[in-house]
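There are 2 protein chains.
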Amino acid sequence: MKARVHVTLKNGVLDPQGKAVHHALQGLGFDGVNDVRQGKFIELEIDGTDAAKAKAEVTEMCEKLLANTVIEDYTIELA
Amino acid sequence: MKARVHVTLKNGVLDPQGKAVHHALQGLGFDGVNDVRQGKFIELEIDGTDAAKAKAEVTEMCEKLLANTVIEDYTIELA
Numbered sequence: 001m002k003a004r005v006h007v008t009l010k011n012g013v014l015d016p017q018g019k020a021v022h023h024a025l026q027g028l029g030f031d032g033v034n035d036v037r038q039g040k041f042i043e044l045e046i047d048g049t050d051a052a053k054a055k056a057e058v059t060e061m062c063e064k065l066l067a068n069t070v071i072e073d074y075t076i077e078l079a
Numbered sequence: 001m002k003a004r005v006h007v008t009l010k011n012g013v014l015d016p017q018g019k020a021v022h023h024a025l026q027g028l029g030f031d032g033v034n035d036v037r038q039g040k041f042i043e044l045e046i047d048g049t050d051a052a053k054a055k056a057e058v059t060e061m062c063e064k065l066l067a068n069t070v071i072e073d074y075t076i077e078l079a
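For the protein sequence lines, the chains are S and L, in the order given.
No gaps in the numbering here: position 30 of the first sequence is 30 in the working numbering, and each next residue is one more.
No gaps in the numbering here: position 55 of the second sequence is 55 in the working numbering, and each next residue is one more.
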């Protein structure tokens, strides 16, 4: 079973990496960009076929390791 | 208009960051994980409402800056 996890900075948290990308895009002439936020995307290949169990497990992984929940949000999709 | 871009390593390209996450998860006792791949997730807020034009522009951004197309793939979703 595949799990796709998005880890993004919470609203209001400064995103210097996104700002740098935004600035670089402007330098390349892309003037139509108003904002850029950069996050992480993690694909996990996990054992088992029980979606509820997998979701609980991936949630625990996010809380313990994948996301810093003080400043980051995460979303989980199973496929 | 919002564009969501996923930048992932191509199949066959070594992913040391994913390997490190995999190893850390195993260290925390998550034994059911078979593979981890880590990529980037970029959210862009762009001017205009023409989806075709926006997609063409974001594709150009990916080719020029956001992805290293030698080793990375990218996908674009507009919302």
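Source of the hints: derived by calculation from the structure; they are not laboratory data.
Hints should not be assumed to be uniformly reliable.
Which copy is meant is left open, because identical chains are indistinguishable; a pair holds if it fits in one copy or across any two.
What the hints assert, rightly or not - In silico BS3-like pairs for lysine-lysine, Cα to Cα no more than 30 Å straight-line: (1) Lys-19 / Lys-64; (2) Lys-19 / Lys-53; (3) Lys-55 / Lys-19; (4) Lys-53 / Lys-40; (5) Lys-64 / Lys-53; (6) Lys-55 / Lys-2; (7) Lys-55 / Lys-40.
Hints, one by one, checked against the model:
For the identical chains of this complex, Lys-19 and Lys-64 are neighbours both inside a copy (28 Å) and across copies (17 Å), given an alpha-carbon limit of 30 Å. In this homomeric assembly, Lys-19 and Lys-53 come within 30 Å of each other (Cα to Cα) only across copies, at 23 Å, whereas the closest approach inside a single copy is 38 Å. In this homomeric assembly, Lys-55 and Lys-19 come within 30 Å of each other (Cα to Cα) only across copies, at 21 Å, whereas the closest approach inside a single copy is 32 Å. Taking identical chains as interchangeable, the C-alpha atoms of Lys-53 and Lys-40 lie at most 30 Å apart whether they share a chain (23 Å) or sit on different chains (26 Å).
Taking identical chains as interchangeable, the C-alpha atoms of Lys-64 and Lys-53 lie at most 30 Å apart only when both belong to the same chain, with a minimum of 17 Å there against 41 Å between chains. For a Cα distance limit of 30 Å, the shortest separation of Lys-55 from Lys-2 qualifies both inside one copy, at 10 Å, and across copies, at 27 Å. Within a single copy, Lys-55 and Lys-40 get their C-alpha atoms as close as 18 Å, and across copies as close as 21 Å, so both meet the 30 Å cut-off.
Violated hints: none; the structure is consistent with every hint.
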